[in-house]
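Each chain is listed here by its residues.
There are 2 protein chains.
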Amino acid sequence: MSPALTTIGFDADDTLWQNEHFYRLTEGRFLELLGEHGDRAALSARLLEAEKRNLALYGFGIKGFTLSMIETAIEITDGRVSGATIAEILAAGREMLRHPVETLPHVRETLETLAGDYAIVLITKGDLFDQERKLAESGLGDLFSAVEIVTRKDAATYARVFAEHGDGAQKSMMVGNSLRSDIVPAIAAGSWAVYVPHPLTWVVEHDEEPVAAPRYRHLEHLGGLIPLISTIGAGHP
Amino acid sequence: MSPALTTIGFDADDTLWQNEHFYRLTEGRFLELLGEHGDRAALSARLLEAEKRNLALYGFGIKGFTLSMIETAIEITDGRVSGATIAEILAAGREMLRHPVETLPHVRETLETLAGDYAIVLITKGDLFDQERKLAESGLGDLFSAVEIVTRKDAATYARVFAEHGDGAQKSMMVGNSLRSDIVPAIAAGSWAVYVPHPLTWVVEHDEEPVAAPRYRHLEHLGGLIPLISTIGAGHP
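Protein chains in written order, with my numbering: chain P, 1 to 237; chain Y, 1 to 237.
Hints listed in this document are in silico derivations from the structure and should not be mistaken for laboratory results. Cβ atoms here follow ideal geometry from the backbone N, Cα and C, with glycine treated the same way. Among the clues, some could well be false.
[Said to hold, decoys possible] Label-pair restraints from in silico Cβ distances:
1) P/A163 with Y/G141: 12 to 20 Å
2) Y/E208 with P/I226: 51 to 59 Å
3) Y/A45 with P/D39: 55 to 63 Å
4) Y/A115 with P/P105: 28 to 36 Å
5) Y/S44 with P/A84: 21 to 29 Å
6) Y/R152 with P/R40: 38 to 46 Å
7) P/S145 with Y/D207: 45 to 53 Å
8) Y/G35 with P/D207: 44 to 52 Å
9) P/R24 with Y/E164: 33 to 41 Å
With the rest of the complex left out, here is chain P:
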């Protein structure tokens, strides 16, 4: 394998395990609870508005999502939402925080194979408490040489993390499902970036594919990662 590459960063949610799936299920339940107050598309748009508005205050994660659902329920009912409905929203949020972790295909084998030859770093946004729970429950924790739970993923974040836990961004690769958080800033930092799309990705995470970047790659699933890495020689860009 390539001596040029020493460190591989992995995103967590929807790269290693299912996440958005649970948000969509809960949103579905929310839309059903409030079905008499508008059509699904309009309600869903109001919820997304609240989530975006609150992002700067709540950050990413289930607790903020729950608070945004409650806020939206009050808004769209002009304050007439029942306590029972709010209680159901609270219960749905708690259920999300308890949901069992579902590791995605190829994850374990890929990490186990790479862990012998590379420093493997988990780099994820979101709620510290919930991310630590999921990592512990996934049983993957021992495969990572470092875990970085961060509040934003920009080029400076990747530069710092890959300097601290590896040999710098130039000798590192980021793997993830979010063009905006995992791919574009990792390319900007000088790293390799491997986009592994997930059928469900939050609209806030969308961005353009940096198809012209020499260190950009696109894989259908994580099973292609080890073959890809083995073709990246020291002489490549």
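With the hints as your guide, set chain Y onto chain P.
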């Protein structure tokens, strides 16, 4: 100063800046909003119950506190709480997340003096997003050689953090206002521990003072820290 001591850890909330104060203010507002449904002591006890029950799911922080207030409001009104009241609770939570940081007395001078001679590490529980905001807003960020936002503070946490960012727990000191989170586990890890009580400390953080521990100290305020450190010679326990 002592060559035996190389690293000093500081708790954040109610050690470097006001925190519990804002929780108490918000709780006061909550109790007023729901005043017709019980006396203050009974309502306050119900809220504390909900907070403790949810701690394993929400962790520490303002978002979890807001969710627990909403849950308690529904419980104590048998679901008859109005949307307007829930909206007020949400607004109170958002206000807490925006409150300006109020640094406690002696903090800046103490950190500035120590930063030249010691590795200074911020070690705090709570919500990653909110703690990073407060650290940035405090203007103290550059004085720390490392920041560790953790989900629990036990002896293993201190052993790991002081090994990673210093020369091990034996050559380190932890400073904080929580006997349970800052003092008792730091002593158990083999560190010095300096208890600086804050008049407001959440009941969950109480514990017994380890008065018999040779490396335990109690200060009335942070202004006593530098004199104390200068008396700790290499020959001390």
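Structure-based check of all given hints:
no. : hint                           : in the structure
1   : P/A163 with Y/G141: 12 to 20 Å : holds (18 Å)
2   : Y/E208 with P/I226: 51 to 59 Å : holds (54 Å)
3   : Y/A45 with P/D39: 55 to 63 Å   : violated (43 Å)
4   : Y/A115 with P/P105: 28 to 36 Å : violated (48 Å)
5   : Y/S44 with P/A84: 21 to 29 Å   : holds (24 Å)
6   : Y/R152 with P/R40: 38 to 46 Å  : holds (40 Å)
7   : P/S145 with Y/D207: 45 to 53 Å : violated (34 Å)
8   : Y/G35 with P/D207: 44 to 52 Å  : holds (49 Å)
9   : P/R24 with Y/E164: 33 to 41 Å  : holds (38 Å)
Hint check: violations occur at hints 3, 4 and 7; the rest are consistent with the structure.
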